[in-house]
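Turn these sequences into a full structure, and let the hints steer you where they fit.
These are the residues of each chain, in order.
Protein chains: 4
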Amino acid sequence: MAGSTFGSQFRVTTWGESHGKGLGVVVDGCPAGLPLCEEDIQKLLDRRKPGGSKFATQRREGDVAEILSGVFEGKTTGTPIAMEVRNTDQRSRDYGGIKEIYRPGHADFTFDAKYGFRDYRGGGRSSGRETLGRVAAGAVALKVLEELGIFVRAYTKSIGPIALDPERFDLEEMWNNRLYMPDAAAAKEAESFLENVMAEKDSAGGVAECVIRGLPAGVGEPVFDKLDACLAKAVMSIGAVKAFEVGDGLAAAKAAGSANNDGFCLDGQGKAKKITNHAGGILGGISDGSAVVFRAAIKPTPSIALRQRSVTRDGKEKEIAIHGRHDPVIVPRAVVVVEAMAALTVLDLMLAGMGSRMEWLRRIYGKEY
Amino acid sequence: MAGSTFGSQFRVTTWGESHGKGLGVVVDGCPAGLPLCEEDIQKLLDRRKPGGSKFATQRREGDVAEILSGVFEGKTTGTPIAMEVRNTDQRSRDYGGIKEIYRPGHADFTFDAKYGFRDYRGGGRSSGRETLGRVAAGAVALKVLEELGIFVRAYTKSIGPIALDPERFDLEEMWNNRLYMPDAAAAKEAESFLENVMAEKDSAGGVAECVIRGLPAGVGEPVFDKLDACLAKAVMSIGAVKAFEVGDGLAAAKAAGSANNDGFCLDGQGKAKKITNHAGGILGGISDGSAVVFRAAIKPTPSIALRQRSVTRDGKEKEIAIHGRHDPVIVPRAVVVVEAMAALTVLDLMLAGMGSRMEWLRRIYGKEY
Amino acid sequence: MAGSTFGSQFRVTTWGESHGKGLGVVVDGCPAGLPLCEEDIQKLLDRRKPGGSKFATQRREGDVAEILSGVFEGKTTGTPIAMEVRNTDQRSRDYGGIKEIYRPGHADFTFDAKYGFRDYRGGGRSSGRETLGRVAAGAVALKVLEELGIFVRAYTKSIGPIALDPERFDLEEMWNNRLYMPDAAAAKEAESFLENVMAEKDSAGGVAECVIRGLPAGVGEPVFDKLDACLAKAVMSIGAVKAFEVGDGLAAAKAAGSANNDGFCLDGQGKAKKITNHAGGILGGISDGSAVVFRAAIKPTPSIALRQRSVTRDGKEKEIAIHGRHDPVIVPRAVVVVEAMAALTVLDLMLAGMGSRMEWLRRIYGKEY
Amino acid sequence: MAGSTFGSQFRVTTWGESHGKGLGVVVDGCPAGLPLCEEDIQKLLDRRKPGGSKFATQRREGDVAEILSGVFEGKTTGTPIAMEVRNTDQRSRDYGGIKEIYRPGHADFTFDAKYGFRDYRGGGRSSGRETLGRVAAGAVALKVLEELGIFVRAYTKSIGPIALDPERFDLEEMWNNRLYMPDAAAAKEAESFLENVMAEKDSAGGVAECVIRGLPAGVGEPVFDKLDACLAKAVMSIGAVKAFEVGDGLAAAKAAGSANNDGFCLDGQGKAKKITNHAGGILGGISDGSAVVFRAAIKPTPSIALRQRSVTRDGKEKEIAIHGRHDPVIVPRAVVVVEAMAALTVLDLMLAGMGSRMEWLRRIYGKEY
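Protein chains in written order, with my numbering: chain W, 1 to 369; chain Y, 1 to 369; chain P, 1 to 369; chain A, 1 to 369.
Please keep in mind that the hints were generated in silico from the structure rather than gathered at the bench. We treat Cβ as the ideally placed atom computed from N, Cα and C, and that holds for glycine. It is possible that some hints are incorrect.
Which bits of chain Y does chain A cover? Going by a derived footprint, with three or more residues having C-beta under 8 Å, they are [unchecked claim]:
hint: 1; stretch: 23 to 32
hint: 2; stretch: 147 to 160
hint: 3; stretch: 343 to 353
hint: 4; stretch: 356 to 366
Over 12 Å on every C-beta distance to chain A, these chain P residues come out as not near it, computed from the model [stated by the list, open to error]:
hint: 5; residue: K49
hint: 6; residue: N87
hint: 7; residue: K143
hint: 8; residue: P166
hint: 9; residue: W175
hint: 10; residue: S192
hint: 11; residue: L227
hint: 12; residue: K367
As a list, the in silico EDC-like pairs of lysine to aspartate or glutamate whose alpha-carbon atoms are at most 20 Å apart [stated by the list, open to error]:
hint: 13; chain 1: P; residue 1: K143; chain 2: P; residue 2: D170
hint: 14; chain 1: W; residue 1: K273; chain 2: Y; residue 2: D112
hint: 15; chain 1: W; residue 1: K367; chain 2: P; residue 2: E147
hint: 16; chain 1: A; residue 1: K21; chain 2: A; residue 2: E66
hint: 17; chain 1: Y; residue 1: K273; chain 2: W; residue 2: E319
hint: 18; chain 1: W; residue 1: K99; chain 2: A; residue 2: E73
hint: 19; chain 1: P; residue 1: K316; chain 2: A; residue 2: D267
hint: 20; chain 1: P; residue 1: K188; chain 2: P; residue 2: E200
hint: 21; chain 1: W; residue 1: K49; chain 2: W; residue 2: E146
hint: 22; chain 1: Y; residue 1: K367; chain 2: A; residue 2: E147
hint: 23; chain 1: A; residue 1: K188; chain 2: A; residue 2: E172
hint: 24; chain 1: W; residue 1: K143; chain 2: W; residue 2: E39
hint: 25; chain 1: A; residue 1: K316; chain 2: P; residue 2: D267
What follows is the structure in structure tokens.
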């Protein structure tokens, strides 16, 4: 299926390996006339960057995005926007261990099963670096959405057993800690927890949450391309995500219908408005005008320094302990990827839905407009 | 996006409304030479049927599938397989309530927001009857998979707070109770629970689980079209599903890396095999040869007889209580839909992956074969 | 590639075999709010019908279209429109000849090569009856276009060596003769020619021409999905079409640049307008506001009563003469199919192009609209 | 429709503008295990290069292709192959004329109509340089096909009124003249003709022909994705192509059925073989095992030094004469683009068709293989 393309109208194609010449993305279908510059991209890419955090890879990545096409005189032209990040560190290295042994929790074994061999350098295409292209494309989508008054924000909801306290929730607080957690106390607690995890040569997982505000009602297609279904695919396609929930999610399965249904009332302007939002902003796969809320459960980093059982390509059992710089937790760096994927999904569905009504075709193609 | 098509190689397009002339599906891309008859389809459709269960709509649906094309002399020809079910009960009725009031938990409001108006008869396109086409198509996909030694089975894992006990798990038991629950004791308990729910004019949700056995390693595309991502979309596209988990799912977010990673050992034939299956049979988005396991959390039936707050199309607040025959729980009837969607997803990815290796092209197109 | 679907936004999926239970189409992505009834479909289907013409199959087809979904209270709902025509004549018959011998000029041999066997009844899926679904879908697209002031008209330009004379061209005249030729004198001449062809047990080909008026400038995508490229695929996908030309077509290859270029002048309103239309209404793959003009060259009917050399499935040489009712020329019945495919192509590109500018997104999703 | 992607299985996405930072392509879906290096790409790109020909742009392009991903240790990995060519000459220039006036025969006017503004530097995205990405991708497809014994070759059939003589046809001769014409005498005559055209400040068109040998019977989908329909789209999507013909093409419209049908005989091995090839290797949209033959009619270069009437963006009539280095004819440089597009089309359909038979699925996924 040539699965490196996402979206049908706002179509994103990523390429690149962890330790190849570079990574990049082509965004096809971006509307013309959007102000866009490399700074818009870089800003988002930098949120993927480990920075000084001790819970993120110490390696100085310094990924610099270059826009190669599709932007002219500061605005998008409607033609493909190619963006790329060259890998600065490609020096030959000893990948011996990874090359021959299947790392538990990684895609080494399955790439071999699928393709017959693989680019083993740093995980190749299954590396977390693959998300660079997603984030660069997401930056463009986020900019389009912002112009339309739609805002997407993801943050860390929990790290291992430490979850934020809804009473203390403060969105701006996420910028004040290394974990992008909008609760200062929980962030501090999670940092301690992570130090212990690292001391034990182990790793942790967590949950990212994302909220989309300002999305008009009516976005999403009613059957297979439901907004929540498309978001689920987008988010589950991020490596390490093991579960997706919208609105009350799993808890809805235990609730009574009377508690789970969101009644309607009138807003100030005499329009229908949901009283509660258990549904997470989506009814029948279509946005209902309230905030869209979803979560992604992320597994612990598979690369750990503890010894694990494994086997080699040529069929010998062998233990492996993965040393080197690895984040003890993926969640904080995944947050911006979740945000990017959400933006790509919503924008793609908005573009696809522009022909939903005859009246809308007339607004674009009608003689009177 | 014209969202009534699922799949790219094994492409399924459904149509039809709850109370229109009928519902159906076109399956395009089915390999030629598969033995197929209407009985194969009917068998699966009957599992959607309420039957004598008191927890399912008493209305006698009696949906009968007709194959209209694509099968000749008992075998598929490789051309589109059109299947349809005519609605037997289309008599004019009083939909007054539904027509004007937005039912909480339903898609009435969002259809109006998207299209400007809607077919209000029994929910129209957002009715559960839309899944008839999915199940008919799924029956074809399941048959292809079975021919290749791949078996898909979904069942009820929990109803409200009552979950099956893994110690008592017995897959065959699912055929012995109305809830398709592979644990006789839990099923009995759940039935009592549902009677209470009904007495309270309320409804319940639950969790469906699905297991795919026999799937070879190597199925799924590494980036956006990961096997788990595609399954997530397929399953979240079923109305009422609010969460999707693969393998340990949400629990993985709280586990330590050392506990969550599945080590490798050798199987009897000297081949790599995972020791455990926390991953749910998928690594890096590609099947790893162990059983694929995932779950869908399903919300309580939104149609309840209790009074709820709502508003009318023309902007008046009004209470609504939904009478008539409605299942107090959707899960048992959704189980076969989950199974169908899983089969469609897996087969589509298998077809898409046939060109993954030059060696495989040679097997089909090479002169020596 | 599961090739029975056309279009990405206005997505049409056809099904059905010549002598199976029926043929049909699902149209997904039609905007909501279009007035539509079965009469709209039937009108176009009847133009495919042989009627009393002696140059068309005498068999009384009487194809009656039924709309099964997607229309409610006389308007499209935005959900899939399923339409079908049941075959009235399915009685078992002697297909012996066709079953075993590969008819020259037909797809018998290639279907066997691709699928391993085929539905040999009347050509199965490769029959001209497959176009029923195209025409029904085209009727919907034509209606959408008409609402936007865009008109598509195809007609017979030549039959064998007899071409219409541009000086005598009169579009309305096409309704007065059996060949849909907008030139009474040429039509008469062509009828005589065809009588001779029939007397010789042979067949003839010809050229269909199509003109699209009222299409605004700006439709079509600049690289692979050029308007002319998409029209070419649409038209070449009609069985028996062997060449496609846009504007001056083949003649452009012999012209000088100075003669082939269309200069610009100002129209009455001070807007740019092409002085000539050698380009056929398309520049760089995008409509330029003048009439879009293209032609399809159609081969002679392959079914002829003359004896031809052939071989059987099991590898024996054998002569074949095809008796029965076969049109001596396909062009007149293909004209409406060309019209349908043109409408499907143009509408699909118009829907896809709605997101070409930020300004257009604001018109649909902006708060001020 | 975000039209910069071609193909569904072997999916090619091009990007880049004539005078931007560069141009490139991402090839997704290439089978793993194909030997590939930059030399393979460069070889084909060099055929696009003007070289020393006086009939091609004198500008020294020196386009150098870089492979950025998807190839490891000399073989494709199955992941996206990104290739790019940096523009060496981006210095600021006076594009004043082009910026404000709509060049006749160019896409200036239609880009403005579609997007509201355009990158006017050297034609931007509508420049012939856009084909660099197509040719690079085509080089990969051609390599895959060659491994399977399938060979694609395009050449110049005619320039203006000078056509090659079938009696003198010698394929190898195409490498001996600047026009890629497999007939030395015709090439010489065409060169004289072009010198006259240049002296008159005018330009010429011509016809490219392409032959595909070794393609097995059974490639192509029977309805919308017919092999000839897909080739037509591929070829008509090349700028300046105004007509497409397969086999006898337009001539078939004038032929009698008895002359146009290709009878069958047995080949040496007792297999069915067509006696003639009027059909051009395709029956019912599916390859029939004989050589696939098609032609593209290419219009004269629109950039000419003669004065032409035009208008400016702000609505003033103004004459324009285009000076600078422009090829008097596009055909010789387009030949390799036709070859590339043919390869992309055929390979994509071959990959899509791998699931046509249950037997073929078993060859890949069956336990016994």
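Those earlier numbered hints the structure runs against, lowest number first: Hints 11, 13, 21 are the ones this structure does not satisfy, whereas the remaining hints hold.
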